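Colleague: Start from the sequences and build out the full structure, keeping to the hints where you can.
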Amino acid sequence: MSVEQITQKVIDILRGYVKDTTLLEKATPETHILKDLKVNSARLVDIIIKCEDVFGTSIDDDEADRIATIGDAVLLIQQKAA
Amino acid sequence: MKRRVVVTGMGVVAPNGHGLDVFAQALREGRSGIRHIPELAELNFGCQVGGVPEGFDAIRQCYFDHEKLLSINDNIGYASVAAVDAWTDAGFAVPEAEDDRVNWETGVIAGSGVGGMDTIARTVVPMVNEGKVRRMGSRIVEQVMNSGTSARIAGLLALGNQVTSNSSACSTGNEAVIEATARIRLGLATRMLAGGSEGASPYIWAGFDAMRVICRKFNDLPEEASRPMSASAAGFVPGAGGAFLLLEELESAMERGARIYAEVLGGMVNCGGHRMGGTITAPNPEGARRCVREAVADAGISPREIDAINGHLTATYADPVEVKNWSAALERGPEDFPWINSTKSMIGHCLGAAGAIECVAVVLQLRDGFVHPSLNCEDLHPEIAPYEGKIPHAAVACPDLKVVAKAGFGFGDVNSCLIFRKWEP
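Which chain is which? The protein sequence lines are A and B, in order. So that you can map any letter, position 46 of the first sequence is 46 in the working numbering, and since no number is skipped, the others follow by simple counting. So that you can map any letter, position 398 of the second sequence is 1398 in the working numbering, and since no number is skipped, the others follow by simple counting.
Possibly wrong hints are sitting among the right ones.
Cut-off 30 Å, straight-line C-alpha distance, at most; resulting in silico cross-link-like pairs (BS3-like, lysine-lysine) [stated by the list, open to error]: (1) 50(A) / 1068(B); (2) 38(A) / 1132(B); (3) 1068(B) / 35(A); (4) 26(A) / 50(A); (5) 1132(B) / 9(A); (6) 1132(B) / 50(A); (7) 1068(B) / 38(A); (8) 38(A) / 80(A).
It should be emphasised that the hints constitute simulated quantities derived from the structure, not laboratory data. From a predicted model like this one, the values you see are computed outputs, not experimental measurements.
Modeller: Written out as structure tokens, the structure reads:
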């Protein structure tokens, strides 16, 4: 799966947790999931579970703690797929 | 002098109607909300009927964004919709999520009897047992904590005064109104949303079915199953829903020119102490009578001023005892007894929501000047038969209806009684 495909799937996942979905239209790899998209921090665990299901992988707690931006998530998924 | 407390808004999600006008019309027509529940039959329940609000999935889509909908089980959904309806009915707007202002003068007391049991049964227990705790996600605690309803409502409406959830079995909804009234009287809040809710779930109702206290004899005739005061009463019919009243200090209501439905003249809660015939499941008659007498005293009226009673009246063996208790507490025999009816005859027993939904029914009867029918009691219990003339089988127009008493008597031997008076400026 290409970086672009992974990025699009991550954005699709985030859509369910962002109150104002227009914020996703300008999303870049640097977009911060909590600060820029204003996702409730409690929902990060739900986003991780959804990523595990969509990409068919498992993400442990230490790996999850390293995800702050959309780019962080894409990079981690890309590495795990490699 | 006590600060006076009035009702300026109401919201209701009942088995026979969502919204004040639909519910008022259902009450007037004696429209039952009791239906066959196929899931109860599949699960081999003795009772296979219940009162569940219809079409609620579509209703909730109109109230919450896609993100919130993921955290709203039936109990919280009924509570939140009814609370938002009460808020807007009182003339307030639902604040935008981006609006950072907090309403420090308004709080909420939102009770439940059993609460988020459906989430526990359908998600928590299976996933824990399968060793999948890690995959339960973030939305469990907010749906199963006892204060899940009040917490959600506070967030929707930016409420900053006391935000809590009470629980006292069948007395829960009334107790919320009484506690909220007390807080306003004390000057600690200007406004309080007060009410209760209960989810619709076989996991909530199973324990009652096992006790054989819910109706098993009318599975083929759902609308006839809830029979308060009847000689053929066969146990209560389980129900679900939610209702809220916006209680407000009179001066605040007058200042903002609010429409006032009724005044909460007084109220009382107590417990029979599981003595003198009371148990964990049965009321001590003296406790119930004291509760009514003290509510009347708190209201500062004579018992003779009570025009109608909306009873607890669930359709169990306790109904004749309850009617005798009212008669003794008010010192009014069959010849000068007030009107008496049971909203549960139409909606079943909505447990933690019962008191709140029935308080809304009381205020609507005061607003519109009628006493709603009590269904399915043409064959009155012999001990209630002397009161026959005071039990309406069809709606009775009562333009002079002014004072109505509402009571709840619950498991735990707990009692509650409220006195409402029609608002006449």
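Colleague: Run every hint past the structure and note whether it holds.
Modeller: Right, here's what the structure says about each hint:
| no. | hint | verdict |
| --- | --- | --- |
| 1 | 50(A) / 1068(B) | 17 Å, holds |
| 2 | 38(A) / 1132(B) | 28 Å, holds |
| 3 | 1068(B) / 35(A) | 19 Å, holds |
| 4 | 26(A) / 50(A) | 22 Å, holds |
| 5 | 1132(B) / 9(A) | 25 Å, holds |
| 6 | 1132(B) / 50(A) | 14 Å, holds |
| 7 | 1068(B) / 38(A) | 14 Å, holds |
| 8 | 38(A) / 80(A) | 27 Å, holds |
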